[in-house]
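Generate the whole structure from the sequences, applying the supplied hints.
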Amino acid sequence: MSEILSLAGANLISPIILSFALGLAAALARSDLTIPEAVAKGMSVYLLFAIGFKGGVAVSAHGVDQTLILTVLAGLVLSFGLPLIAFALLKIMTGLSRTDAAAVAAHYGSISIVTFVAATSVLEGRMIDAEGYMVAVAAVMEAPAILSALWLVARGGGGGAMAPGLMREIMLNGSIVLLVGSFFIGAITGEKGLEEISAFIVTPFKGVLCLFLLDMGLIAGRGLRQSKGVLGAGAVAFAVVMPLIGSTIGMALGMMVGLSLGGIVLLMVLSASASYIAVPAAMRVALPEANPSVYLTLSLGVTFPFNLTLGIPLYLATAQIVTGG
Amino acid sequence: MSEILSLAGANLISPIILSFALGLAAALARSDLTIPEAVAKGMSVYLLFAIGFKGGVAVSAHGVDQTLILTVLAGLVLSFGLPLIAFALLKIMTGLSRTDAAAVAAHYGSISIVTFVAATSVLEGRMIDAEGYMVAVAAVMEAPAILSALWLVARGGGGGAMAPGLMREIMLNGSIVLLVGSFFIGAITGEKGLEEISAFIVTPFKGVLCLFLLDMGLIAGRGLRQSKGVLGAGAVAFAVVMPLIGSTIGMALGMMVGLSLGGIVLLMVLSASASYIAVPAAMRVALPEANPSVYLTLSLGVTFPFNLTLGIPLYLATAQIVTGG
Amino acid sequence: MSEILSLAGANLISPIILSFALGLAAALARSDLTIPEAVAKGMSVYLLFAIGFKGGVAVSAHGVDQTLILTVLAGLVLSFGLPLIAFALLKIMTGLSRTDAAAVAAHYGSISIVTFVAATSVLEGRMIDAEGYMVAVAAVMEAPAILSALWLVARGGGGGAMAPGLMREIMLNGSIVLLVGSFFIGAITGEKGLEEISAFIVTPFKGVLCLFLLDMGLIAGRGLRQSKGVLGAGAVAFAVVMPLIGSTIGMALGMMVGLSLGGIVLLMVLSASASYIAVPAAMRVALPEANPSVYLTLSLGVTFPFNLTLGIPLYLATAQIVTGG
Amino acid sequence: METHTAKRVEIVIEAPLERRLTDALTQAGVTGYTILPVRGGSGRSGQWTREGQIGRAGMVAVVCLIKPERLDGLLEAAFTVVEKHIGVVSITDAQVLRAERF
Amino acid sequence: METHTAKRVEIVIEAPLERRLTDALTQAGVTGYTILPVRGGSGRSGQWTREGQIGRAGMVAVVCLIKPERLDGLLEAAFTVVEKHIGVVSITDAQVLRAERF
Amino acid sequence: METHTAKRVEIVIEAPLERRLTDALTQAGVTGYTILPVRGGSGRSGQWTREGQIGRAGMVAVVCLIKPERLDGLLEAAFTVVEKHIGVVSITDAQVLRAERF
Ligand SMILES: Nc1ncnc2c1ncn2[C@@H]1O[C@H](COP(=O)(O)O)[C@@H](O)[C@H]1O
Ligand SMILES: Nc1ncnc2c1ncn2[C@@H]1O[C@H](COP(=O)(O)O)[C@@H](O)[C@H]1O
Ligand SMILES: Nc1ncnc2c1ncn2[C@@H]1O[C@H](COP(=O)(O)O)[C@@H](O)[C@H]1O
Ligand code: NA
Ligand code: NA
Ligand code: NA
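Taken in order, these protein sequences are the chains called W, S, A, R, G and Y.
Taken in order, the first sequence gives residues 1 to 325; the numbers are from this note's numbering.
Taken in order, the second sequence gives residues 1 to 325; the numbers are from this note's numbering.
Taken in order, the third sequence gives residues 1 to 325; the numbers are from this note's numbering.
Taken in order, the fourth sequence gives residues 1 to 102; the numbers are from this note's numbering.
Taken in order, the fifth sequence gives residues 1 to 102; the numbers are from this note's numbering.
Taken in order, the sixth sequence gives residues 1 to 102; the numbers are from this note's numbering.
Hints are computed from structural coordinates only; laboratory data are not their basis.
If you're wondering where the values come from, they're calculated on a predicted model, not measured in any experiment.
Do not rely on the hints blindly, as some may be mistaken.
Within a straight-line C-alpha distance of at most 20 Å, the following computed EDC-like cross-link-like pairs (lysine to aspartate or glutamate) qualify [to be verified]:
{"#": "1", "chain 1": "G", "residue 1": "Lys84", "chain 2": "G", "residue 2": "Asp72"}
{"#": "2", "chain 1": "S", "residue 1": "Lys192", "chain 2": "W", "residue 2": "Glu289"}
{"#": "3", "chain 1": "Y", "residue 1": "Lys84", "chain 2": "R", "residue 2": "Glu100"}
{"#": "4", "chain 1": "R", "residue 1": "Lys84", "chain 2": "W", "residue 2": "Glu289"}
Below, the structure written as structure tokens:
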């Protein structure tokens, strides 16, 4: 326990987390500090490209484990399955309508790539290796949760039919394409390719992540401010409980498929994190009646900061204790 | 004297100054070269974050001097006081209305962070250390000058009352929040934090500064072109004389509070420089009758280039001679 | 021949080319992946500044060859002359109107700076030196082709008179000013200046180029998708044949003026490449009746990818064989 | 100069719906439209600004100039997309140059 | 389709005043507005472009669709903010779908 | 509040022509205009989006509020620039505050 706390403490005073905290504080204090939308989008392209590329290089270097396919399958199961658990929980803990609950559930089955990146940074800082293909697992987990959510709504007779072209749009979503594409570029060009561009995608990476998290803090803070009063205590509690449940299930699956300690932690983080890019956009098309304030506030305003600050060190410590690593 | 000239000469052929000159020339020649607004804003976020962070790390490494509080007080005195001198000077040297003169005065009490950054670069190039907390002093000097200017107008019966919410807006202005926030992040995470992100905020810093100054040159040039004829010779002379007066007062105060050579130079630069971001925006709200062409042209079109090219080496040389450093 | 193929093969699996391919594939698959316009423009400013600066430093280091003036003249001849050849070829190979053919011809006399940059990267990867002033030659070749095209139209009685101010606009075009300006900054500040900012303009360069080419791929792909059916087979064939002709003439001139192997290859690449920034904008003003889909698709959709993937290694191999280098 | 009577329809809608709206307009025979970026706004679903958004969110404004007789077709097409979503539709009388163009 | 009479008010104003204007509108009971970015312009105070600006400067265009009977309240609210500042206000007659929305 | 009759002219034109258009307007005595960025659009010359463009391409929307009696001069000036180019021109009746301003 004290180990967990000291780990969490060390995590909390990293420049990355403090940058997020600065953004959050600035937004809550109504500062006019902003990062232009184009720059934020540019940074996210950079982060996705870098993380995908490095994942691909890792796979090309260490070869494809026999656990790769199993892990991808585990990711699919998690992304399809977690929304069902989330939905049941929401029905118990909150008074959200079926549609709102399904929309929220979709977010928790999907993933937050920035949380994943932050976890990767923490692991690197502690010299813990992880399977390079976890990036591909992240990509695989982005979309299926959306289908589960639509099924939940359709089952309740509430519409939720797939708008034409939506499936294609989700699968060819910019983040997925970029992550998978750069993963393949990394896998093809390998260490040699990495050497050519590592001064761009490796060394400055953490610094860019700081500015990106500054922006995330600003957005989360503004979201929290604007949605004051939208959420009850039950919903907020859900946004903390669900990651704990998700990460536990993720840990179990990660151990079953035989991942390394680092891989298990990353699978826990993917399970625990909630989407705030791909899924919200899909929800606006597929479930327009669902209230965006609800799902964005939970995902970005509560779960994201929770995972970033306390969640990641907690999952790491738990995995270390359970696996004896 | 020849020392000053050779210092100025060396300064003038640095990539930073030449980039500014390129921008200025391109704008005066009506080239369509532009740097997108979002990218320029992104670079300014980067520069503020980097300079604040490095200042904080310096403080965490060298500890808090006993001169810190005195220097902050000196900064407050300068920012409150310089507008009064500027105002008196403007009344003598120009025919500007009371409101216009007060608005200009506000700019000269406040500071230009890019001039500060450029001076830091020059000091680093000459291996002259400066107190890390000068960044905090810069932040402290941004706003008080605005109050002095409003007081000058109110005293003249010309309105200039504080619009509701303006004070808060000024204090929570993006640049101040970012500078102070990253200063604290640097102070908290210290050398260890710097190590993690120095490949982002230290090594490429000067290069980013070049592109940023290219953009400043473009903006200053366009401003000069559009405001042709707005300013008399008296106003232009003011924009060169005032920095000399400001820097002299800054030097005196810097010596009184016991700053190092580098610290004195930076305080001179802060005193000599004029705002072109925070104050103009505040003036549009608080003194809308003041003509923006006047204060922007003086601050950005005359004083900024003057400080960048001749001012900084001059202040450094003067401080070296006076302090015997 | 097998040498050419293996060279081409090595070129094709570089991160740079694969990033372009990723963008192309994403656009053709209708992914919503985009790089914000401001960020793309910011990257192009970065690339132009870096390439110009490095060229200038190279000139300051190795001195001005006696071939410099000859090469600049050769560049002028190529830029003025290639459109005439292109026009004749288009008249034979396609059914394009006189105006459309002239507009296309203008593009092929001018140059693509990104193709030039990619070729520079390939040369560096193979440790082949090139004259630093080739960057200046690139700048010189941007504009004259436009005049040839207007002359071709005017001769046919089809208007094409120089709109007032157009000449100035073309010469003071942002890319030209930035390239030439940073070339002079590099030449003035030399190795010392480079050292100060090389962590910004040298080490991360290739990585930025990857993201930039990702964006070029996206744009080329969207262009191809939208202009389906606009082009006949003849026009597409032209867009592959013309670079071969251009590069051959470029090689001959490069050898005549006595360039090094690297310099010859770069002159071939300049001759082979087609503009997609400066010339299209000029054409909208000077030849508005010309169909932008035609020239943009040929230049950006066919010739650019051809040069990037097959062209560059082909020109390099040819030059090596012919010069015995 | 000679001008022609037209309607100017302005539709403010969520960005993720942009392609669906323009597809619907095209199917309804609308031959031209212009899309303007939106920086922020306020309505029944609250206040928002572009800088406070991530991903594809945010809104856009689609402006169509059409012949008056095509207005109803356009509005119906637009409405199918706008109906359940956040957004507003407004119409003004206008004149246009070059009627052959639309 | 059924439409409802409305007024479309377009206010071009300096960006630093944006929040003050929208606050004033909200206080005057305006329930919706859309803010468009402005790239540049020209007026009595000269010519300017977005690329030639730094910081928060520049202008924005605020578009409000309102019931005709609320026009005067809106204009008065807007005018208190616009009065001493750089900017213009224009009003057009419009029709809107979904009157319940505004 | 007192308002004055005016015309609101909206010209959507290719960005490389922007300076030529505003010069022509200025010469025709137009004292004010506002330029809005355009994100994309569709017309006779096909569909395009800002993100799919490089360089100076793309379009802009220029909005002018003018006294009705100046409309013809403005349209003629605009037309010389727009004529051979991609773009549309539309006119709406409007009211403005502060007539002294335009
Ligand atoms: N009355 C209005 N006038 C102008 N824009 C509006 C109005 N109502 C809503 N909007 C725009 O439409 C968006 C969504 O509106 P709503 O569906 O009411 O939340 C807002 O964010 C505004 O950008
Ligand atoms: N007649 C007009 N038509 C359209 N926009 C205008 C007009 N006059 C002024 N503007 C806009 O309002 C801004 C400020 O105008 P002014 O207060 O006259 O300097 C200009 O930069 C334009 O963006
Ligand atoms: N009917 C229309 N309504 C609104 N915008 C239009 C219309 N027609 C054309 N445009 C705009 O003008 C641009 C060029 O149109 P065109 O010259 O018809 O290709 C398009 O990309 C649109 O942005
Ligand atoms: Na999850
Ligand atoms: Na000062
Ligand atoms: Na060429």
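Hints versus structure:
1. Lys84/G with Asp72/G: holds, 19 Å
2. Lys192/S with Glu289/W: Not OK: Lys192/S and Glu289/W at ~48 Å, beyond 20 Å, violated.
3. Lys84/Y with Glu100/R: Holds, at about 14 Å.
4. Lys84/R with Glu289/W: At roughly 7 Å apart (the allowed maximum being 20 Å), Glu289/W and Lys84/R satisfy the hint.
Against the hints set out earlier in the document, a violation occurs for number 2 only.
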